[in-house]
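Number of protein chains: 4
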Amino acid sequence: MTEDMERLAAGMEKRLIERRRDLHRCPEAAWTEFRTASKVAAALMAAGYEVRLGEDAVRRESMLGVPTEEELSAHMERAVTQGGDPDLIERMRGGLTGVVGELRCGDGPVTAMRFDMDANDLDEARDQAHRPFREGFASVNPGVMHACGHDGHVVIGLGVAELLAGLKDRLHGTVRLIFQPGEEGVRGAGPMVDAGALDGVDYLFGGHIGFRAPRTGQLVCGVGGFLATTKFDATFSGVAAHAGAAPEQGRNALLAAACAALNLHAIPRHGQGASRISVGVLNAGQGRNVVPPNALIKGETRGQTTAINDFMYGRAREVLAGAARMYGVDLALAEVGRSVSGRSDPELAAVVRRAAGAMDFFDPAGVIDAMDLRGSEDFALMLAEVQHQGGLGTYLMLGSDLAAGHHNARFDFDERCLAPGAALFARCVLGCMELPGRARTAQGV
Amino acid sequence: MTEDMERLAAGMEKRLIERRRDLHRCPEAAWTEFRTASKVAAALMAAGYEVRLGEDAVRRESMLGVPTEEELSAHMERAVTQGGDPDLIERMRGGLTGVVGELRCGDGPVTAMRFDMDANDLDEARDQAHRPFREGFASVNPGVMHACGHDGHVVIGLGVAELLAGLKDRLHGTVRLIFQPGEEGVRGAGPMVDAGALDGVDYLFGGHIGFRAPRTGQLVCGVGGFLATTKFDATFSGVAAHAGAAPEQGRNALLAAACAALNLHAIPRHGQGASRISVGVLNAGQGRNVVPPNALIKGETRGQTTAINDFMYGRAREVLAGAARMYGVDLALAEVGRSVSGRSDPELAAVVRRAAGAMDFFDPAGVIDAMDLRGSEDFALMLAEVQHQGGLGTYLMLGSDLAAGHHNARFDFDERCLAPGAALFARCVLGCMELPGRARTAQGV
Amino acid sequence: MTEDMERLAAGMEKRLIERRRDLHRCPEAAWTEFRTASKVAAALMAAGYEVRLGEDAVRRESMLGVPTEEELSAHMERAVTQGGDPDLIERMRGGLTGVVGELRCGDGPVTAMRFDMDANDLDEARDQAHRPFREGFASVNPGVMHACGHDGHVVIGLGVAELLAGLKDRLHGTVRLIFQPGEEGVRGAGPMVDAGALDGVDYLFGGHIGFRAPRTGQLVCGVGGFLATTKFDATFSGVAAHAGAAPEQGRNALLAAACAALNLHAIPRHGQGASRISVGVLNAGQGRNVVPPNALIKGETRGQTTAINDFMYGRAREVLAGAARMYGVDLALAEVGRSVSGRSDPELAAVVRRAAGAMDFFDPAGVIDAMDLRGSEDFALMLAEVQHQGGLGTYLMLGSDLAAGHHNARFDFDERCLAPGAALFARCVLGCMELPGRARTAQGV
Amino acid sequence: MTEDMERLAAGMEKRLIERRRDLHRCPEAAWTEFRTASKVAAALMAAGYEVRLGEDAVRRESMLGVPTEEELSAHMERAVTQGGDPDLIERMRGGLTGVVGELRCGDGPVTAMRFDMDANDLDEARDQAHRPFREGFASVNPGVMHACGHDGHVVIGLGVAELLAGLKDRLHGTVRLIFQPGEEGVRGAGPMVDAGALDGVDYLFGGHIGFRAPRTGQLVCGVGGFLATTKFDATFSGVAAHAGAAPEQGRNALLAAACAALNLHAIPRHGQGASRISVGVLNAGQGRNVVPPNALIKGETRGQTTAINDFMYGRAREVLAGAARMYGVDLALAEVGRSVSGRSDPELAAVVRRAAGAMDFFDPAGVIDAMDLRGSEDFALMLAEVQHQGGLGTYLMLGSDLAAGHHNARFDFDERCLAPGAALFARCVLGCMELPGRARTAQGV
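Residue numbers (the UniProt record's numbering), protein chains in the order written: chain A, 1 to 445; chain B, 1 to 445; chain C, 1 to 445; chain D, 1 to 445.
Keep in mind the hints are simulated off the structure, nothing from the lab. A portion of the hints provided could be inaccurate.
Said to hold, decoys possible - Cβ-to-Cβ under 10 Å is the rule here; a few derived chain A residues that face chain B:
no.	residue
1	185
2	231
3	235
4	265
5	279
6	280
7	285
8	290
9	292
10	408
Stated by the list, open to error - Within a straight-line C-alpha distance of at most 30 Å, the following computed DSBU-like cross-link-like pairs (lysine-lysine) qualify:
no.	chain 1	residue 1	chain 2	residue 2
11	B	298	A	298
12	B	168	B	14
13	D	168	D	298
14	C	14	C	168
15	C	298	D	298
16	A	14	A	168
Note that CB positions come from ideal geometry on N, CA and C, so glycine has one too.
Could you build the full structure based on these sequences and the hints that come with them?
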């Protein structure tokens, strides 16, 4: 059966690359993946999957860092203009751009796979040295670019959908394909978890092109070392006053923010492991001689464990509240992203290794069992949910030659990884079917 | 002779108002007053004044807070498009937009008058309640507006020019009319002083519409309490780094700026009089998870005396340098404006009072000898220069009903003050001719 | 009658000097003036005054900056050892060391005089160049010294008491002599006001030896420009932890205090007049490698007006509370002293001038009507109370050659000012009797 | 041969305990171990060791955190009073209190052992519950206490000296016993290394009573995870001024220190491993209303590696210098202690395990091969030196029931560990003689 898959995958390579380039031309940032998601949903439906959309896929109340209604509406319009399905898009109103497709094949385990869809807030390079521009598929959406490879992830996910649909008669159990919005800013996974997208999952796979596997043919089977993180925006509101004539009448939001920034960085180290704090942006004030009534901080905390990140964000909240108190200004604190720490299960990473071992595409010397991410990925929220239920999960890195680093305006990857990537994920589903029956011992169930 | 002046002034009222509205429609901010200055120069030449332009009027090396070459060129083009004289404008290249007109009438004192020409960085209100919009003379230049009344000052100055030219045969001594760019940000007076515009002046007059004389018919004859001030931009340049993966590789410009902002405000009070410090704007950073490599502070110091402001700015420089040292970042500190403290001479304020006393326009109950500005005006630099040479100076406030406060998008003044304003200044020239011959005892000569 | 007074005063000079030297040998700091006050009370009783002591003179609940019970008891014992009256001292238990003596002479105005009694926390110089040491009357109490001249004030007050008692038959109205503890740290006046010591006063006199009248024979009749002030101690309490092993378990009081200190100094200037903030002392921490659980700040605010000081202290409270909140530590804020702004009444200063004019002792060229203190004195609280009731007050400076500045370990004054000082105050009482009858129009009555 | 040693050690137990109690009664802090070192030197001489003292044992120029000459002299006097040898003590003038004893036994490896001698700055508990007080050997030196067990270390070292001297005929190679001053504050090891005390060493042993082996019979054979550290004192010197009258004349050392403290804690985390910063003490200021001219910070940095600590201390120096620059005050920065990171060699830890395995005293279940210290110990400097030369080293922990934690006023250990401890170290020397001949491959030689 798996020989068929190799053949099938090879046969769809051209189409996968076309699809990837179409998505690359029309990138959409977090919570605005209307066109992308509508195309995903349409493809899943066409392939015979049951599709969950809108509030069935994303819990509205859990969404963080959402654009305004006006912005969302403008993006919906653009998505339609660029060929998205208006009816499907309407069902995603409010930024509910997650999609879940399910293929039921009788009794057996539930195997889920997650693919993230969003692009970055970045202008793409526009010169001949950059292949997407040279070959005509550079972003047409100003300020947005697929600079992390999520366009490839979507395409691989749709490839998996087709491969497995073609093999349906020979499968058992359930395959669930989760297309997630808003991985950037670690925003999308939580609301999909809260909407039940991971309920009942026995095996969970996710992955990323490139990153710590920067050569085509490389593979990391089980990534660990996800850092827990919280992203936040702190807005201070004070009172303007003439800085020369009546400074005492002002309430200085700039100084509150400056004081907060310093003291946030002075939150103590944690004796149990690595912690991080970053105030990446501070914008405040209106005029040279006006006591500044406004200030915005964009920040994030991280922790080697969720407990350490909780410590960091807890202290950060105290610092921000204290700074506002100190200057008599108001504080609006918005949590705009969140993820936890985590680690792939070696048993499932072994499934990936076995699947890769059967494929010529992968360089045996470049296949690694485990590696630490030392970064944040909200896949960790899904992983934690599945592990909490008693299931297993793993996150792989699919090697690909990179033109430049992730989040760089010249990022591009080697499209040769797409079809083998789809085949690898599909083989993993088959591999899970061969695992010994698990007595589900969910901690939380 | 003065009766003629009243009549002459009344006769030119309609023209003054037309001119003011023309200027109001085409406002130009500091160092970009190309159209305005070319029209002033042309009018002075037409009235028989010797005119100094370009480097003869403004010392290039003394200019602070100058836009880039590109910006200046764009403004020159616009000025020509809007009817400025191309040849005159070419002579002002680089932002040398000051103009000095001189009328020589034989032996006698040199009496100078200063009129400022620049507009504010502000979008003008665009609704029917705002007269300039309703009557069709609101600003056509986006982001720029005459919101402080300098359009009126220019028109009064040109009125004075005509009035005195018409009386030339009956005058003695020299009349010098100084049209200054860049009063906003206290930038233009210094470079004109350094170019010699105040050399040899015995009597200096300047003034402002409105402000502390907010009713038509009011008049303050001698303003004091100018605050010395320094405006500065501090740019910190550090090194970006990934805030999660390698924070130690960064050099944090945001924290340097935040630390500077706090400690600038902690500069001690001064035992000898009022001091001020303001960090009005702080912008720093690029992304939430990037160690910020960039930060900009816009600030200003003030002092009741020049010595106090010097103390404040001296300490501010130390704080800024210390903050850069602390964070290992580079500091570029630009002084973008500067003025001194000062006080009008009562003898010359008395000349204003006598001149006003002879005019029906002014309400005797509304004429005040002296008042403190409690703000900054770079006229103080000219005043200090003249007083240093042994001359006298005064700064008056010409009452005018105001539609809204200065620097407000709805600012407008009562145009009825224009012709009497011109007549008042012209009368002051005559008044000076009647002063007892001064034995010039310049401190600096 | 006044000739008698001159003679009487001259006659008591030797005794005044002896008394001053006795007090100088046994100085007592704020709230510990047990020996001094007991001697004052005994002398007033002996001279026929009605005397109020203890809670009749000082309101316990209003006392700020009071030593501990143990310290007070130790000082009481020492006072007895050094010759204080045990019974009187017992009535002052708790630091109630104020004394009020009243001489009732029938109908007429109530004239009050205030004399402060406390010494400074300072070791007196112990070398031959310092007269008190050379002549054997230097302080025998370690760490305490009369370095401000209050020993002289007490002696003058007792001189006044005797002079007026001797003239009792010729007086009318009431004379009230107020001997105040704790002027240092502006602590004693408030509790005496609250105990009613100023009730019903028509005329109030106070004064100081030296200061802005640093030559014998000089006199300032009416001092103004008292700065309002608040003195405070802020104690931060956190949690200690090993700074290497478990820094996250600590709550850092040192950083809370450091942050408070910086931001206290960043409280904005006030547009209506001079303000001051001082964090004079910061002590924090236990060991190099222990997260500091303790920190103490000693600070003060000042204002040209009481409103400005209230603004400063109000903002200071916010900063302190915010810093505690920021670091999750507890804050105990103790107000340890307080005074208001104020200004002498010219009508009463004129009484001083007339009294001085009749005495040969004063140098006519050295007598000045008014001068600003530019410092704080809690006499201002008594002055405000009397003025609020509709009465008048003045604060004089009695010139005296000084060996060194006030609060210096080598401070000493010219004892020749003592007898004339007493005569001057006594003459002022007589002068008040000659003032036209005042229709009391108390604001607060 | 080793049976003899057990017997010998048991025979000396009573004497070891007496010696320990003698040392405990007369504790001496870093660089003042005059009495202790003179007794050590005398004992080593008596046992036939060649002894190096003074500058032959300690490099004066490398000494950090040394008391003043006056303090050292006072301690020398006390040491003599308490029974130290005056001649030996004289040779230690200046705090050169290290002692090296060498026993040459022909060809063979050089085996060194390090024992630290200093006590803590702490008042010992004085109540019946504390055995040293109850049994009469509590500290008689105010403010100093053996609260870390170094008294036991010295006694063990002298026991080793006697045991090996008794076996001299049967030994080969060289035994070198290093008695180090100033381990507290990580001050003594560096100057002994610099004096050559570790030159030529093939095998190095060191150890500590208690700590991570808190039960008698436990043993850790090879400790790792020493944290690199730098201890520093930063003294800021400014200018005092009256905070009310002339704050602008001051230079505020308190604010410089406060600013430094905050920004020291804001030094970024390090991506490569754990880092620490601690400002444990901040003392500043003189009086509430005086601009503070003085401030002292006591701090330390740490790093999981020496490179990380170097990063931390390098940044700390920048912060301190920047804070001084910011406030225009002088900075005197003194490095008062320093150590590096490190890890015991497993081959030598195995020697310890074998030695312990032959002794009934140790509980086999309580013997652990390796453990991380997660603290700092300047033994790491000696270890690094030996490893750099191509030798091996290990640091053991000798289990002992503890009455309270280290550095606690109630600290006491179980003296039953002393004789077995000496036997263990002596056995290790024998164990090294059995190691296969090492081809010395020094990295640095």
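Quick rundown of the hints versus the structure:
Restraint check, residue 185 of chain A versus chain B: the minimum CB separation of about 8 Å is within 10 Å; hint holds. Checking residue 231 of chain A against chain B by beta carbon gives a least distance of about 6 Å; that is within 10 Å, so the hint holds. Here the hint on residue 235 of chain A is broken, as its CB sits about 14 Å from the closest CB of chain B, past 10 Å. Taking 10 Å as the C-beta cut-off, the interface hint given for residue 265 of chain A holds, the closest approach to chain B being about 6 Å.
Interface restraint check: residue 279 of chain A against chain B, minimum CB-CB distance 6 Å, threshold 10 Å, status holds. Evaluation of the residue 280 of chain A hint against chain B yields a held restraint, the C-beta minimum of about 4 Å falling below 10 Å. Of the supplied interface hints, the one on residue 285 of chain A holds, with its beta-carbon coming within about 4 Å of a beta-carbon of chain B, less than 10 Å. For residue 290 of chain A, the shortest C-beta to C-beta distance to chain B is roughly 5 Å, which falls under 10 Å, so the interface hint holds.
Satisfaction of the interface hint for residue 292 of chain A is found here, the shortest Cβ-Cβ separation to chain B being roughly 6 Å, below the 10 Å cut-off. With its C-beta approaching chain B no nearer than about 12 Å, residue 408 of chain A sits outside the 10 Å limit, and its interface hint is violated. For the hint pairing residue 298 of chain B with residue 298 of chain A, the CA-to-CA distance comes to about 20 Å; that is within 30 Å, so the pair holds. Annotation: proposed proximity of residue 168 of chain B to residue 14 of chain B holds, straight-line Cα distance about 23 Å (limit 30 Å).
The straight-line distance between the Cα atoms of residue 168 of chain D and residue 298 of chain D is roughly 47 Å, outside the 30 Å bound, and the hint therefore fails. Using a Cα cut-off of 30 Å, the hinted pair residue 14 of chain C and residue 168 of chain C holds, with the two alpha carbons roughly 23 Å apart. Using a Cα cut-off of 30 Å, the hinted pair residue 298 of chain C and residue 298 of chain D holds, with the two alpha carbons roughly 20 Å apart. Distance restraint check for residue 14 of chain A and residue 168 of chain A: the Cα-Cα separation of roughly 23 Å lies within the 30 Å cut-off, and the hinted pair is therefore satisfied.
Hint compliance for this structure: hints 3, 10, 13 are broken, all remaining hints hold.
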